[in-house]
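Q: Protein chains in written order, with our numbering: chain A, 529 to 665; chain B, 529 to 665; chain C, 529 to 665.
These are computed hints drawn from the structure, not numbers from a lab. Do not rely on the hints blindly, as some may be mistaken.
The calculated DSSO-like cross-link candidates involving lysine-lysine, where the alpha carbons are at most 27 Å apart (straight line), are [what the hints assert, rightly or not]:
no. : chain 1 : residue 1 : chain 2 : residue 2
1   : B       : Lys634    : C       : Lys656
2   : C       : Lys603    : A       : Lys603
3   : B       : Lys606    : B       : Lys656
4   : B       : Lys552    : A       : Lys603
5   : A       : Lys655    : A       : Lys606
6   : B       : Lys634    : C       : Lys552
7   : A       : Lys656    : C       : Lys634
8   : C       : Lys634    : A       : Lys655
9   : B       : Lys552    : B       : Lys634
10  : B       : Lys606    : B       : Lys655
11  : B       : Lys634    : C       : Lys655
12  : A       : Lys634    : B       : Lys603
13  : B       : Lys634    : C       : Lys559
14  : A       : Lys634    : B       : Lys606
15  : B       : Lys552    : B       : Lys655
16  : B       : Lys603    : C       : Lys559
17  : B       : Lys552    : A       : Lys634
18  : C       : Lys606    : C       : Lys656
19  : C       : Lys656    : B       : Lys603
20  : B       : Lys603    : B       : Lys656
21  : A       : Lys656    : A       : Lys552
22  : C       : Lys559    : A       : Lys559
23  : A       : Lys552    : C       : Lys634
24  : A       : Lys603    : B       : Lys606
25  : C       : Lys559    : A       : Lys606
26  : B       : Lys655    : A       : Lys634
27  : C       : Lys603    : C       : Lys559
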Amino acid sequence: MRSHTEYLVFNTSERTQIINITPKLAEIVAKAGIQEGLMLVNPMHITASVYVNDAEPGLYQDILAKLEELAPYGKPYKHHQTGEDNGDAHLKRQLLGQQVTLAITKGQLDFGPWEQVHYAEFDGRRKKRVLVKILGE
Amino acid sequence: MRSHTEYLVFNTSERTQIINITPKLAEIVAKAGIQEGLMLVNPMHITASVYVNDAEPGLYQDILAKLEELAPYGKPYKHHQTGEDNGDAHLKRQLLGQQVTLAITKGQLDFGPWEQVHYAEFDGRRKKRVLVKILGE
Amino acid sequence: MRSHTEYLVFNTSERTQIINITPKLAEIVAKAGIQEGLMLVNPMHITASVYVNDAEPGLYQDILAKLEELAPYGKPYKHHQTGEDNGDAHLKRQLLGQQVTLAITKGQLDFGPWEQVHYAEFDGRRKKRVLVKILGE
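Using the sequences plus the hints, can you model the full thing?
A: Structural data, given as structure tokens:
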């Protein structure tokens with residue numbers, strides 16, 4: 529059994545932003561040299577998500593609009609009594625999905641035609657990390 | 529370490545449909561012969577979910593009704609500017625949950641009394657695949 | 529390759545309750561002695577979630593309030609035709625997220641500064657189990 533661990537760093541220009549991280553993950557798979565395995569991709573901050581969906585700009589807008597509708601920014605969340613203003617971001621992360629596990633088969637990400645992995649930031653403009661961990665052989 | 533990879537194929541008769549795939553997964557576990565491991569079950573298309581919940585027809589209706597309420601079909605999603613009409617399906621997948629990882633213990637799916645794995649299709653009537661990948665020993 | 533399996537048991541005093549289980553998971557990691565691996569944390573009952581977010585009491589209230597808004601208790605869910613009254617709990621579990629997979633690096637949970645793992649109970653006051661399974665070396 530082998531393992532491989534990396535940390536990606538993001539610092540988005542917008543408070544809320546979606547970034548396609550599939551090319552970075554494919555590079556890590558190539559570098560790790562693991563042929564058959566599972567890869568966890570997990571945001572290390574709790575106001576961001578990693579999710580798999582279509583890499584289509586209109587869909588990015590639909591996703592952000594839906595999350596804004598379901599958990600709007602600027603509401604009197606109890607979490608704000610700590611001095612924070614990002615209660616919406618903590619909730620959006622949960623609704624979109626926290627993390628993904630991916631399959632590696634024959635040395636490559638084992639994806640359907642439209643599967644692309646995204647980092648969704650809900651409280652950006654600061655440095656944040658995403659953990660990538662592969663287990664396999 | 530050993531690994532085992534399979535692809536299930538679904539072609540639902542309805543646009544939106546829930547299918548209990550637990551028996552198929554139990555067959556794969558038996559065939560793989562892996563005693564202790566983790567099994568990723570991941571839809572390879574981004575308008576479907578794999579989730580674990582009760583195999584109860586009333587609950588299936590509740591789940592589909594709730595998702596229809598939260599992300600209705602036929603709204604002017606930005607994604608539709610590409611010619612698609614399935615913006616709702618992309619959103620429903622995220623709200624329900626994209627994928628699951630299951631435990632295999634003593635050669636069997638290690639489940640509580642009511643845990644059943646389901647494929648939820650939100651844009652069906654076409655061939656779609658679900659990846660099943662086991663890592664273990 | 530090595531594996532380690534444990535079952536945590538919860539019996540909450542409230543119907544709906546959030547419990548920080550990070551210390552229990554850290555103990556299991558220490559006991560397992562696995563240095564590099566993946567850990568699945570999965571509720572074995574389908575009216576509960578395991579999720580990662582901030583361990584902040586105000587946020588717990590925000591999460592429970594948002595889920596109550598999106599999937600209220602006491603509505604005429606179809607699932608209730610079986611005699612159950614917990615249709616809301618099945619839906620809340622899906623919206624919050626069913627389960628998480630965690631990374632173990634150098635013998636410890638590989639977490640960002642605020643990542644804490646929680647058990648969220650939506651139909652409590654009874655004994656329920658959470659499966660913890662580690663694969664690694």
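Q: Can the restraint linking Lys552 (chain B) and Lys634 (chain A) be considered satisfied, given a maximum Cα separation of 27 Å?
A: Answer holds: Lys552 (chain B) to Lys634 (chain A) is near 24 Å, not above 27 Å.
Q: Does Lys552 (chain C) sit within 27 Å of Lys634 (chain B), going by the straight-line distance between their CA atoms?
A: 24 Å, holds
Q: Hinted pair, alpha-carbon criterion (27 Å max): Lys552 (chain B), Lys655 (chain B). Please report holds or violated.
A: The given pair, whose Cα atoms are some 17 Å apart, holds under the 27 Å limit.
Q: Is Lys655 (chain A) close enough to Lys606 (chain A), meaning Cα to Cα at most 27 Å?
A: Cα-Cα ~25 Å, so holds.
Q: Taking only the CA atoms, is the gap from Lys559 (chain C) to Lys559 (chain A) under or equal to 27 Å?
A: Violated. Lys559 (chain C) to Lys559 (chain A) sits at ~32 Å, over the 27 Å cutoff.
Q: Mind checking the alpha carbons of Lys559 (chain C) and Lys606 (chain A) for me, to see if they're no more than 27 Å apart?
A: 37 Å, violated
Q: Within 27 Å, alpha carbon to alpha carbon, are Lys656 (chain A) and Lys552 (chain A)?
A: 16 Å, holds
Q: Are the Cα atoms of Lys634 (chain B) and Lys655 (chain C) separated by 27 Å or less?
A: 24 Å, holds
Q: Regarding the pair Lys656 (chain C) and Lys603 (chain B), is the alpha-carbon distance no greater than 27 Å?
A: Given pair Lys656 (chain C), Lys603 (chain B) is violated - Cα atoms ~40 Å apart, limit 27 Å.
Q: Hint check: Lys634 (chain A) vs Lys603 (chain B), CA-CA at most 27 Å. Holds or violated?
A: Distance ~41 Å between Lys634 (chain A) and Lys603 (chain B) Cα, so the pair is violated.
Q: Keeping to a limit of 27 Å between CA atoms, is the pair of Lys606 (chain B) and Lys655 (chain B) held or broken?
A: With a Cα-Cα distance of about 25 Å, the restraint between Lys606 (chain B) and Lys655 (chain B) holds, given a limit of 27 Å.
Q: Can the restraint linking Lys552 (chain B) and Lys634 (chain B) be considered satisfied, given a maximum Cα separation of 27 Å?
A: 18 Å, holds
Going through the hint list in order, the structure does not satisfy hints 4, 12, 14, 16, 19, 22, 25 and 27.
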